[in-house]
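Novice: Chain residues, written in single-letter form:
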Amino acid sequence: MIAKRSVLTDEMVAKIEALAPRYPNRQALTLPALHIVNAELRHVPLEAVAEIAAILGLAPAEVQDTLSFYQFFYQAKPHGTVRAFVCRSISCALRGGDQLLEHLCHSNGIQPYGTTADGSLTIEPAECLGACDFAPCILANDDLLMNMTPDTATAALKQPRAKAT
Amino acid sequence: MQPFKPVLLEAVGVSDGYTLASYKSRGGYAPLETTLSEKKPADVVEMVKASGLRGRGGAGFSTGLKWTFLPKDHPGPIYLCINADESEPGTFNNRILMEDDPHQVIEGIILSAYATRASTAYLYLRYEYPRSWHRLQAAIDEAYAAGYLGTNIRGSGFSLELYLHRGAAAYICGEETGLIESLEGKRAWPRIKPPFPAIEGLFRKPTVVNNIETMACVAQIARRGVDWFKSIGVPADPANPRDPGSYGPKLYCLSGHVEKPGCYEAPLGITARELIDHFGGGVWKGRRAKAVIPGGISMGLMTESELDTPLDFAGPGKVGCLGLGTAAVVVIDETVSIVDFLHNSCRFFAHESCGQCTPCREGTSWSLRLLERIKAGKGRLKDLDILLEIGSTMGMMPGSTICGLADGAAWPIKNAIKKFRGEFEDTIKRTNPSGWMVTDPVPALPIVGAH
Ligand SMILES: Cc1cc2nc3c(=O)[nH]c(=O)nc-3n(C[C@H](O)[C@H](O)[C@H](O)COP(=O)(O)O)c2cc1C
Ligand code: SF4
Ligand code: FES
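Protein sequence lines correspond, in order, to chains H and P.
When you line the first sequence up against numbering that gives the first Met the number 0, it's residues 0 to 164, in that order.
When you line the second sequence up against numbering that gives the first Met the number 0, it's residues 0 to 450, in that order.
It is worth saying that the hints were derived from the structure and are not from the lab.
Just so you know, nobody snuck in bad clues.
Calculated lysine to aspartate or glutamate pairs in the DMTMM-like style (CA-CA distance at most 25 angstroms, straight line):
| # | chain 1 | residue 1 | chain 2 | residue 2 |
| --- | --- | --- | --- | --- |
| 1 | P | Lys185 | H | Glu61 |
| 2 | P | Lys204 | H | Glu61 |
| 3 | P | Lys204 | P | Glu183 |
| 4 | H | Lys162 | P | Asp99 |
| 5 | H | Lys162 | P | Asp140 |
| 6 | P | Lys374 | H | Glu101 |
| 7 | P | Lys284 | H | Asp97 |
| 8 | P | Lys259 | H | Asp150 |
| 9 | P | Lys418 | P | Asp276 |
| 10 | P | Lys185 | H | Glu46 |
| 11 | P | Lys185 | H | Asp64 |
| 12 | H | Lys14 | P | Glu183 |
| 13 | P | Lys204 | H | Glu16 |
| 14 | P | Lys204 | H | Asp64 |
| 15 | H | Lys14 | P | Glu160 |
| 16 | P | Lys259 | H | Asp97 |
| 17 | P | Lys374 | H | Asp97 |
| 18 | P | Lys413 | P | Glu303 |
| 19 | P | Lys377 | H | Asp97 |
| 20 | P | Lys192 | H | Asp64 |
| 21 | P | Lys192 | H | Glu61 |
| 22 | H | Lys14 | P | Glu141 |
| 23 | P | Lys185 | H | Glu16 |
| 24 | P | Lys284 | H | Asp150 |
| 25 | H | Lys162 | P | Glu98 |
In isolation and in its complexed conformation, chain H is listed as follows (with noise of 0.2 angstroms):
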């Protein structure tokens, strides 16, 4: 089937198509192609999830629905360039993990959830990371930041940071 794509590229369709031997069935391919699209636009629009549906044999809602279910992916617009994940379960607090995430939402002048205006972080609370051995921790991107103060952290913020893989 040739359709038209606006939001998809043929590139990510390959990517898609290279992991369809892993499954018995399409619908497995979801979550992958979601996170496939979510690399490189940092957000999965609508346009993005009819494509999807499309390419996978799905309803756009089937594909929708597993795609709202994890409150992981952005629709209306991207997330920043670096997505700051602050944990903000058990460990972490007990080592100051929400003084952290008020003191970078507040000196970002942004809400939870919410980007910079100049598009660069998003800041989001997050529950355990897995690295409570580290505690108060940071996943940036593909960057772990350990045992985090407010100045470190909004030291290493300011870093640049490779995209999330």
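Fit chain P with the ligands to the supplied structure of chain H, relying on the hints for placement.
Specialist: Relative to chain H, chain P with the ligands alone:
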């Protein structure tokens, strides 16, 4: 404490310990070669059953026994799912295994797939572990190149494909049927059981779901033998015919208010106090512990006077906790308000409930609102009874929900209020001097977001 040398963590601190060459130099993959050439799948099942290995993912179910629930002579495919969703607050042992010794995990997976006659294995990895993702993918590539994965492994006739599959930051994908639904590309709503995954699992085929640390244990049992495994830990209680014992080494994750947080390997049955003092360097800043989470936040709380409880599969239950869980020990010092602790716990579960069962969706959300009200200085003593009512009515144990998330949400509520009721009452009376005795209905607080 019995003298003990780490086995599961033997690669930690070894430079390039994550490479195939390092793993082989420590004796890795030799047991796999012997097994494939000399043993039948049933022998491997028998070995794991005889070792007494119980799943390390939280429920502690006998691994060998679970494998025997697969239908006999099934035409296939049979699937093996490796659970690396590791999202229970306080838990990071799977991360360490995947980052520092991925081949140990992979050898365990190949042995387990051989035992269960699975020809495809999916490793479901939580999104928040990018480093594990890269390390595992590199190790899988090495294993394929060396002929340990793929078609006709080392000439044995046995074939296995191993694929990484990434989650998207939802705790419920760790529940085994939630994981299966998520892998199938759907929302991660746990399934009603039975049918259990062994009969009808991934893509409606017989499926085994096992944890990463369980896989590492399988690799070590194949290398060091059943007797070695059974010589470690706590033997079955002869007075209790339903206790299968707690054998083998265990990875304990220690975090919170200790001097040296970390992942430590010890024989099953070490006490919380030994763990904190011997490995953790004691409670930080010379303080005392007020409470300790024995095995991830779902397991509830032990008080300071309960710290001599052995952390084996049976121990935490004896002091009213839910169980050993993930053996993630979180220390809460005497300066922390237990109200703040419970608020943090309720916030987590309200966020992570999948929303499918009404008692869980409403119970987790209302318990958070009650805790927010108490923290805002509007608490009433009556709220404690409401919280206890929520805690005792949601979950698989009262039979009102599909999965165990709700039991995990209920336990911290029940333990905290039963073991620290005085502190809750004091806080409420102090912060709401004119209203703590009110029993009339009060207006609701704003709705919270959930998954
Ligand atoms: C809410 C919930 C979350 C769970 N999360 C995990 C998890 O992250 N990792 C895991 O291995 N098991 C988790 N489990 C347990 C799994 O359902 C399953 O019992 C386990 O993966 C089986 O592996 P094992 O027998 O090797 O322990 C969870 C269970 C529940 C109820
Ligand atoms: S108990 Fe909670 S998390 Fe589990 S299926 Fe029901 S609503 Fe979902
Ligand atoms: S609680 Fe923050 S990483 Fe575990």
